[in-house]
Amino acid sequence: MRVIETHNLNKVYDEMVIPVKAVDNVTLNVEQGEFTAIVGPSGSGKTTLLNIIGGLDHPTSGTVKIEDSEISAMSSNKLIDFRLNNIGFIFQAYNLIPVLTARENVEFIMLLQNKPRKERDARVKELMDAVGLSDKMDNRPSELSGGQQQRVAVARALASKPKFILADEPTANLDSHSAENLLDIMLKLNQEENITFIFSTHDQRVIDRARRVVTLTDGRVVSDVTKS
Amino acid sequence: MMLIRLAWKNVWRSHYRSLVVITAITLGVWAGIFLYGFFFGMFEQRMRDVIENETSHIQIHQQHYRDDYDVHLYISDGPKILEKLKADSAVKAATGRILSMGMIASPATGTGVKINGVDPVEEEKVTKLAEKIKEGGYFSENLRTPIIISQKTAEKLKVKLHSKIVLTFQAANGEITSGAFRVIGIFHSDNTAYDQGNVFIRRDELKTMLGDSIDFHEIAVLLRDQSLMEASEKRYQAAWPGLMVESWRDIVPEIAVIVDMFDQLMSIFMLIIMLSLAFGIINTMLMAIMERTREIGMLMAIGMNKTKIFFMIAYETVYLALIGGPTGLLLGYLTIQFFSRRGIDLASFSKALAGYGISNMVYPKMEAHNYYNILLEVILVAMFASIYPAYKALKLNPVDAIRKI
Ligand SMILES: Nc1ncnc2c1ncn2[C@@H]1O[C@H](COP(=O)(O)OP(=O)(O)OP(=O)(O)O)[C@@H](O)[C@H]1O
Ligand SMILES: [Mg+2]
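Those protein sequence lines, which keep their order, are chains A and B.
Numbering-wise, my numbering puts 111 at position 109 of the first sequence, and it's gapless, one number per residue.
Numbering-wise, my numbering puts 320 at position 247 of the second sequence, and it's gapless, one number per residue.
Lysine-lysine pairs mimicking DSS-like chemistry, simulated, CA-CA at most 25 Å apart:
#, chain 1, residue 1, chain 2, residue 2
1, B, Lys-379, A, Lys-80
2, A, Lys-80, B, Lys-465
3, B, Lys-379, A, Lys-117
4, B, Lys-381, A, Lys-120
5, B, Lys-307, B, Lys-153
6, B, Lys-468, A, Lys-80
7, B, Lys-82, A, Lys-127
8, B, Lys-82, A, Lys-117
9, A, Lys-165, B, Lys-381
10, B, Lys-381, A, Lys-117
11, A, Lys-80, B, Lys-381
12, A, Lys-138, B, Lys-82
13, B, Lys-379, A, Lys-163
14, A, Lys-190, A, Lys-138
15, B, Lys-381, A, Lys-163
16, A, Lys-67, B, Lys-379
17, B, Lys-379, A, Lys-165
18, B, Lys-82, A, Lys-120
A short, non-exhaustive set of chain B residues, derived as facing chain A with CB atoms under 10 Å:
#, residue
19, Lys-82
20, Asn-83
21, Trp-85
22, Met-371
23, Ala-374
24, Gly-376
25, Asn-378
26, Lys-379
27, Asn-470
28, Pro-471
29, Ile-475
30, Arg-476
Looking from chain B toward chain A, a few residues come up when the C-beta cut is under 10 Å (computed):
#, residue
31, Glu-368
32, Leu-372
33, Ile-375
34, Lys-381
Read the hints as simulated data drawn from the structure, not as lab findings.
By construction, the Cβ of each residue, glycine as well, lies at the ideal position given by its N, Cα and C atoms.
From just these sequences and the hints, can you work out the full model?
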């Protein structure tokens, strides 16, 4: 099943002064269950592309469809609700609310969705187990390592039962061991639960483990390789 | 629910800063209440003093008497009217006075005064003159030509108790009359101007000296309660249309103005305090939002909608005000309660204040509705102060906010 479908996506910054084509005519489809890395040098447009796919940013032209919804046409207020119920986000840092515990951070998104208490409790447990942090439930982010924080972020991203998860350089701030560990968890979730992951990265070891690698240069897709 | 809890936790995130704002609000409200209560107590006491010691509630004169105190403008039916007033159910006490503007002189010096010819028994009931006597006694001795003067006058004339002084004034027939009097009592009130301007002798003695035809120039009426004043004033005026019936408000309008404007003045004063607090709160919240740009951007990115962001910030602001406000209110209440019993001694300022008729001891006072008003103002300020920071947070663009990483 096709989860993401983009058509002739363009994003131009500073249109009046010196136009920068951050995303240049990108047409890209993502199927359910993919584990896809967007790679490319700094400034190649990875973040911009992920933001547009995630409904955080509007393209200058072109369309984005998430399953049957064309999000490039939605108002930003509508997009907030769409993101809440359809997309899981993992950022490079500052994923968590510092005054809430790990448990509360994961629960938070389900509170936004008005999920009943029972369901929330069960899911928080299940997800914290899945990311291997059931013993850190009641710790605040400041009491967790960077890697642990990112694992909580993965749990939080999954909690809303999104159609896919977008992660912009999720391992960029982690040491190699923690990065491996995070990637293991993401891969396991992908294989066992068929969760769709799209992430950008610079890290060669991460690229090696992706099943599909899309390479951007100056906003253009220059290669798109799926390993068998 | 969740937002309320999250906002509460956010308040304590930089508890130093929050505590500073909360303390500022507490102190502001506290100071506001204290000043309000202090001045309210002071002016109310001044008003009561004026009524109980000086003017009484209502005074009756012949038309135009108060223009230049012409000795011939007496109330022709004085004693009869006085009897009727004493029988009135609204009246607590009433007295008739014969007055004369004259000079009081000692061997050292002289000064102009209003000579009050009073009935000792009636006067005591109306103005409590006897209670104010600090040295000597009241008109009880069977001495001839006694006079009661104030400490201020005694100092000025350099006289003591039992000294002889001379009063000089114009009699009804136009001739200048003098009489020797002996100081039997020296009084002191909190109003310097009143003390300097008034001396008291027996009404019958003044009457004899002025000329037997002269009757009361002034009838002073102390009512059972201030609330009876307006109606009584109207009734008396209707009963004796030829006379001038006035309340203390007409006689000392400067005090009536203060009493009337007090509430408005204090509201403006409180508003200024509240506004400065509001800006303190707004400033703090804007700082908090700036520090949390990325976090708020992240929350918007993962799907927290604008209404929820708005209320999260607004609740946080309201918390600051609603912790500080009631704390200040409570402290204010306790302070007022404490000092309303104990009083605040203004001895060091007392000379200056006495010039305005204000006594040394101030007993601060607040009425329940004043507290409610202040509480209401705090709530309004909290809501007002919460809008702008919350609105500012909404203007954040999640993409830009997150890129700040
Ligand atoms: N808000 C903006 N205004 C103007 N130009 C921008 C803006 N955001 C990004 N750009 C430009 O768009 C281009 C793509 O930026 P983007 O952040 O998407 O690259 P990236 O591949 O994510 O880089 P990195 O690996 O450093 O994260 C860059 O040239 C960048 O300077
Ligand atoms: Mg980037």
